Amino acid sequence: MKDSLKLIGSLTAICIVSGALLAFVYDATAARIEAVAQMRIAAAAAQVLPAHDRIDDAIELEHNNRRYFFSPAYRNEKDLVGYAIQFSTSAGYGGEIRMMLGLDIDGMTTGLVILPGHTETPGLGAKITEESFLEAFRDRPITDTNWRVKKDGGDMDEITAATISSRAVADAVMQVAEAFEAHRSTLREGI
Amino acid sequence: MTGYILLIISAVLVNNFVLTRFLGICPFLGVSRKMGTALGMCGAVLFVLTSASAVTWLVYHFFLHPDGLIGADLTYLQTIAFILVIASFVQLVELALKKTMPRLHASLGIFLPLITTNCAVMGVAVLNVQLEYSFSKAVVFGFAAAIGFSLALIIFTGLREKIDLAHPPRAFQGVAIALVTAGLLSLAFMGFANMVN
Amino acid sequence: MRVTRALRKLRGSIHPQYFKGLTSDCPITEMPIPQKLYLSMSQHLGAPAKPIVAKGDVVTRGQCIAEATGYISVPIHAPVCGKIVDIDSAATPAGTMAPRVVLETDPDNTESTTMSPLSDWQDRPQEELITRISEAGVAGMGGAGFPTHVKLSPPSDKPIDTIIINGAECEPYLTADHRLMIEHSKGIADGIRMMCYILNVKSVFVAIEENKPEAIQAMQDALANAEKIDATVCILPTEYPQGAEKQQIAVTTGREVPSGGLPMDVGCVVENVGTVLAIAEAIEKGIPLTQRVTTVTGHIVKSPQNVLAPLGTTYADLVSFCGGLTAEAAKVISGGPMMGMAQPNLDVATTKTTSGLVLLEQSRVHIYRALPCIGCGRCLEACPMNLVPAAISYAVEGGDYDRAESLNILDCIECGCCAFVCPSSRPLVQHFKLAKPKIILKSRQAADAKGAK
Amino acid sequence: MDISTIILTAGVIGGIAAICASALAVAAHCFAVEENPKIGELEKRLPGINCGACGYAGCSDYAKAIVTEDEAIDRCAPGGSDVLEALGEATGAAVDAFEKTVALVHCAGDVDNARHRHSYNGIMDCHAAHQLAGGDMTCSYGCLGYGSCAHVCPVDAIEIKNNLAIVHPDLCIGCKACVTSCPRNIISMVPASQKIHVLCSSKDKGPIAKKACKVACIGCRICAKLDESAFSMDGFLAKRNYSNQVSNPAVIEKCPGKCIVAVGVDNTQADQKGEPSCA
Amino acid sequence: MFWKTFTKGLWRENPVLKLVLGMCPVLAVTTSLENALGMGMASTFVLVCSNTVISTIRNIIPEKVRIPCFIVVIATFVTIVDLVMAAFVPDLHDALGIFIPLIVVNCIILGRAEAFASRHPTMLSIVDGLGMGAGFTLALAALGASREIIGSGTLTLWNELTLLQIPTESPVILLILAPGGFIMLGLLLAGMNHFSAWQARRAGKAIPLPATMDCRTCTLCKWGS
Amino acid sequence: MTEAANPIYTVSSAPHAHSGDTVRRIMLDVIIALIPAMIAATYFFGWHAIRLMLVCVIGCVVTEAACRKMMGRNLAIDDLSAVVTGILLAFNLPPSLPTWQALFGCIVAIAIAKQVFGGIGYNPFNPALIARVALLVSFPAAMTRWHSPLNTARWTSLGWIDGATTATPLDMVKTAITSGDPIPFSWDGSMAMRFFVGNMDGCIGEVSALALLLGAAYLLWRRCISWHIPGSYLATVVLFAGILRVLNPDANMPVSFHLLAGGLMLGALYMATDMTTSPLSKKGQLFYGVGCGLLTMVIRRWGAYPEGVSFAILLMNAVTPLINQFTQPGIYGHKK
Ligand SMILES: Cc1cc2nc3c(=O)[nH]c(=O)nc-3n(C[C@H](O)[C@H](O)[C@H](O)COP(=O)(O)O)c2cc1C
Ligand SMILES: Cc1cc2nc3c(=O)[nH]c(=O)nc-3n(C[C@H](O)[C@H](O)[C@H](O)COP(=O)(O)O)c2cc1C
Ligand SMILES: Cc1cc2nc3c(=O)[nH]c(=O)nc-3n(C[C@H](O)[C@H](O)[C@H](O)COP(=O)(O)O)c2cc1C
Ligand SMILES: Cc1cc2nc3c(=O)[nH]c(=O)nc-3n(C[C@H](O)[C@H](O)[C@H](O)CO)c2cc1C
Ligand code: SF4
Ligand code: SF4
Ligand code: SF4
Ligand code: SF4
Ligand code: FES
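Protein chains in written order, with the numbering used here: chain V, 481 to 671; chain C, 110 to 306; chain E, 7 to 459; chain S, 192 to 470; chain R, 628 to 852; chain D, 4 to 339.
Among the clues, some could well be false.
Unchecked claim - Pairs of lysine-lysine residues, derived as DSBU-like cross-links and limited to a Cα-Cα distance of at most 35 Å, are as follows:
{"hint": "1", "chain 1": "C", "residue 1": "271", "chain 2": "C", "residue 2": "143"}
{"hint": "2", "chain 1": "E", "residue 1": "444", "chain 2": "D", "residue 2": "285"}
{"hint": "3", "chain 1": "E", "residue 1": "442", "chain 2": "S", "residue 2": "394"}
{"hint": "4", "chain 1": "C", "residue 1": "208", "chain 2": "E", "residue 2": "456"}
{"hint": "5", "chain 1": "S", "residue 1": "416", "chain 2": "E", "residue 2": "444"}
{"hint": "6", "chain 1": "C", "residue 1": "208", "chain 2": "S", "residue 2": "402"}
{"hint": "7", "chain 1": "E", "residue 1": "444", "chain 2": "S", "residue 2": "445"}
{"hint": "8", "chain 1": "E", "residue 1": "42", "chain 2": "S", "residue 2": "235"}
{"hint": "9", "chain 1": "R", "residue 1": "631", "chain 2": "S", "residue 2": "235"}
{"hint": "10", "chain 1": "V", "residue 1": "486", "chain 2": "C", "residue 2": "271"}
{"hint": "11", "chain 1": "E", "residue 1": "42", "chain 2": "C", "residue 2": "271"}
{"hint": "12", "chain 1": "R", "residue 1": "631", "chain 2": "C", "residue 2": "207"}
{"hint": "13", "chain 1": "D", "residue 1": "338", "chain 2": "C", "residue 2": "143"}
{"hint": "14", "chain 1": "S", "residue 1": "402", "chain 2": "E", "residue 2": "89"}
Think of the hints as simulated: they come from the structure by calculation, not from any bench. These figures come from a predicted structure and were not determined experimentally.
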């Protein structure tokens, strides 16, 4: 019995010490971990939406059962310059592809990035992350572009031998355009 | 229902625990010499993975999750809590088995401790949290992962029983040839890639 | 008397080139007595016989020179008169060392000691006949050389209802049994009747392959008016290994000897035609088994023929009796090419089981240059026991004898079909012969250990 | 840093630990199974290479045998004196001096010396060759050279050179695996300190032995006469008595069969070390 | 003494190449040199810390709960690493994924705790942890570098520092996929075996047997008993 | 040593007779059987077929020799198995594959998939298929692009003049079905005939079912292969494809398409039948063939890759040791 108590006691004691230590470390890192998430969005936004210095929490929209995160971006802390739109598609060859599209207040796209973590085939579908594919998505009017691959009668060049991935990206942007159209009023301030 | 079936197919074939996720390689290499031991291991893994999924899910959602009993976000304690719970649970079962069913213990029980320090069990617990599975999904996932592990282990044991009698060059004898074989097996499993999207 | 065909087909089988034409038409010729006879004490399966003569002793034909050393053992008799000049140890045709008695013959002395003929055998008790067979040194002449009296005294819980006379002679080259059936069909028929009497059995099958029509005819004639027994001449297709006991039981009676069992487990006794003849001679004439017909053959033998030679004749003597060789031999086989044993030289002497002596020139010698098994599965097709020779040999090669055992290596009859067909030229049978004794030893030790506890 | 968070965290994890530990303690109590702690104790002292030299399935099996069956403690050859001492300490058994032994092949009949009787065609394994007509060497005692011993040696200490098995004494760990593997029974363990050996196993009479092999023992008794304490005769074969060192090295010169050899000293076995042959 | 303890882990008893332990992270995270190094260093950190703590408290832990206590200590440091990496090297943290929490079940760490730290003084245990960790990192780096070079045609650190660029359009992607991991590790092990054999032969020593992963040789399973 | 007075006899274990068949002869038969397909490949793809076949055969043989030499074992290239592997590997490559990638395939096939295990007979997986899959995974772009057969440039150019590449029929069908589009070509009798003869996009050796069947007939006649594997394999595919077609004619192609398109014929007749990697017993071979058929169709229908033959056969290779264990024939004298 005494043995058992000693046994329980020592394990519990060690755990209590560990717990305390961890609580301390957690406390010390929590803020930073939180910030990392913000920083990531900011970094991506910096790529797709140049010239802003503040970005707010995203407005979540739903359209056709898909969710879109519109983060408004400001210059000089107050002038809205556009939105960084986070969205994703699961129509890729390998699975989900997460993207961010930049949109300025004139309704022109300012850039598209594929966020890390996609599973398209290296050498084929993975080419969607390359500038040569993505540049076609820049500087186009969001509502007046036929965001589809040429094979489907749209305006976008598909990547040779990776139509599926190209199509997935283009179609997803098309959906963004529709969502934007539908929710234009929700997105206050201007546009 | 189809959701569960897809989950199972995915865990067994497409994202096989051993061959594509690299979880539980140690027992995969270690107990694949003889079919008898491999089968024993499979039985033990099936049991432990399924029940560990359940136990860790409960611990996570009742104690660690902010919506649980405690009401505070203690999710960062998941590693330490999981390993503690799994290790104790497995040992408990082993002790009980040894006493009450010595025959079963001799065939399956001896593998139980081996599984404690094994990535597959811890992996399944962590994945359940990461993939935000419900309780029933978590249990099914644990079970399917174990089936995937067993499938890979049994096939691999069959191959190894052949290869152990082959004549590889000396440098390849032992683990090296086993790893190459596992690689080729994993290559064959790539045929299931992206089957469930 | 009936004539039938095989009840069923062999499961696996092969069709080697037979070359029986070399000797099948050569009548049995008796050989002049050689100068020296080398009588191995291990002429049969079981414990070797123990010499009861000493160096310098003079013996007469038919005199017992070595006595049986147990139940599964038979005595050995002097084939001719002469003087014992040496008792030493030498290799048997099987390659094992055994004591040997060297007899310097005295061809002019025709004296002989025989046992009393039991021509009224039908009125004598069966035990007496069995004792006679044992005293006459009769052991199986078709294969392993198992003491015949043991086979004829089955335990009471294993009733025998069928006797099968093995005249298949499925081995290529050999024709000794073939000629025996043609020339001594009457004696064989007598022997059959005696066996029936001893075992109290009516049903007899005489199994002969269809490539021996003359023998089939002769046996039919000899058995035509056999009263009191129900004899059947069973014509088998020409396929190797039709003559193997288990296979023969299956094709003639449809029964299957259980694994690890004996023919008597399914109520059968299988005897070679030569053995049957020896039984008849021993009982009716009181002559012990001291000579046998051996086919001396091969494309390089000048006049291949079926030789009736005393036991202990060296192979060199046999060859020179057949006129010597036309080209240098590269391989000398005691027995047939499928199951016979290759000999290191011609100094080895015949025994009760030497059914043939085959001499091959270099171009007919198959050299084993083993490749790994490529898994073609031909050996499976060929195996009459339905084993998986490829897997067994793979296991033996890798030293995994437990697996070999679990693959039923012990059921292998070493017929050689698998090695015959293997394109990788694997020494499959050698693997089995290598592993079987070790496995048997191990399981025996395990059994002993169990018994000790 | 909020002290209550720390207390909460520590409390939760401590609580989980306490529950687990108590459950275990209860279980350990309820399901206790007797086991001899000594076995584990001994096992720790064994090298753990599971080579089987002791004759058991592995180190733990041997440890068990020592405790439960009173098995001798000197059976772990690879462990040598260190392990013996450690085991002695643990069991309290008396420890005799541990003499290192190595395997020796009592044959010098390589291709140059021994004659072949026939040409063997079959599995490259001594047992298999021996099974067929008693082996392909004219000498029915000598090494067949198909390397069954080399095959079982766990440390590659045996090399087949010119059709003759040669043990490298400094590589041999004394596990005895080769001894039982030889169908000719010509390998035996000899003290590592002894360097002079009779490298012949032929019991044949002189002329027969001589005809079969150039370096055969012809049973002339010269060695036994020159050094009685170290050599004796067994029929036509000289035997080394390893409890004594060779006092008269002249035997090497005088042996007409040239089968008494100083191994590992001059141009002899150990000297011939080269690339171990690869199976 | 210290030096010997340190180098032991680097080569003679290299946990990956000689002892064949902790294979999961070795295979999973070595798709690039950077990940490999990250994993190696994270594990080394945990190894050193847990060795330190365990050898310090080794005398006050009751025998019966020895291993559970070790596990708790290890898990604590793993969690610390997890949190710190999430905060300061988030990309690496993402790339290593669940293999960070899985450090806790890495046999090497528990193995060293059990086999070394619980029997040796603190300083020596730290050195042992450093050596083993360095050996682990080295093996991971070798594997990661070779897989990255062949599999993606580059060798990059911290996302921008390109050390090497193979001028090819089509690298052998196989190498960075799961099968490539197994095969490359197999080849690496075979190379090591060959090298050790060659070394031994040159030194006239017994040729070491190639590593075999066999549960009999692992001491971990006996925990708690 | 003086010359022995007596001749030295050969002593070996029984049997002393042999059928005379050799591995080399079997391999030679396979090579002979592949000749029609080689001719077809050359006719349809011209110089590039010749280039690939030469590169693969030489690559495989040289790799084999080099490996054997490094391992210090006898060369054993005269058994011709490396030649067979080379030809079959070439047959599994698209005509435009760069030479260096084909060579990489040879090294994978012979070094990694065969010699590492000890050479002929010891490899658990089909070497040529391992190489094909390794290439497919490594260079998906190069391995899934095709230049059509009878391309005008097939004889005139060392490279391909016109850059136009297409997907194979299976690939097009798969792309169409997954994206819900109509199937881009019509499948009728004349189309089927075209495919049967070999005028379709695909790997150089897989296109002509006619040539492959001719060769297979020879192999069957020579008893190098038995009907069990190809028979059960093709029958399963027919059955499975038929059921799918009946259930949903819009999303599934007819049975004849599945039989003729892609590498099914090549796989079923020449690659699934590789003796080393397929079960020993006839019963096991039936299971194996059925397994191959099922997996092929599952991967074709639901998998990411348009073609499932290679993976199916490799997966069944993996379970072959298990099949061998569970299909031990009923041994004489054992209770059934
Ligand atoms: C191994 C392999 C990987 C593939 N990966 C992708 C991919 O990542 N993205 C993609 O769109 N298609 C991928 N494909 C599909 C084919 O390339 C398909 O033919 C193509 O997407 C459609 O053809 P097209 O672009 O020529 O119209 C892959 C195919 C294979 C065999
Ligand atoms: C160990 C052993 C024991 C045998 N015991 C008996 C027996 O008790 N009764 C019997 O009729 N035959 C017995 N036999 C003989 C066999 O049935 C068989 O006839 C004999 O082995 C010769 O067969 P073979 O030439 O096909 O090898 C025995 C054989 C062996 C090897
Ligand atoms: C493969 C094989 C083939 C055999 N062929 C014959 C044969 O052709 N003729 C024969 O009499 N015995 C043959 N035997 C021996 C028989 O199995 C059996 O032992 C013998 O007929 C028993 O009779 P015995 O005791 O009178 O010799 C063969 C055995 C084996 C294993
Ligand atoms: C009928 C038959 C089919 C074969 N098929 C293949 C094959 O698909 N791939 C291959 O690499 N070798 C093949 N081979 C050759 C050989 O069996 C192969 O290289 C072995 O797997 C090597 O051990 C085949 C041989 C035969 C007799
Ligand atoms: S020797 Fe044995 S394994 Fe081979 S065919 Fe005959 S019975 Fe079958
Ligand atoms: S016949 Fe020879 S190569 Fe064919 S499966 Fe049997 S052992 Fe293997
Ligand atoms: S010593 Fe014995 S086992 Fe070794 S090679 Fe010589 S005969 Fe064979
Ligand atoms: S097997 Fe090797 S190590 Fe063992 S005793 Fe023999 S030579 Fe020495
Ligand atoms: S490292 Fe994953 S099971 Fe050992």
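- Looking at the structure, which of the earlier hints fail to hold? 5, 6, 7, 8, 10, 11, 12
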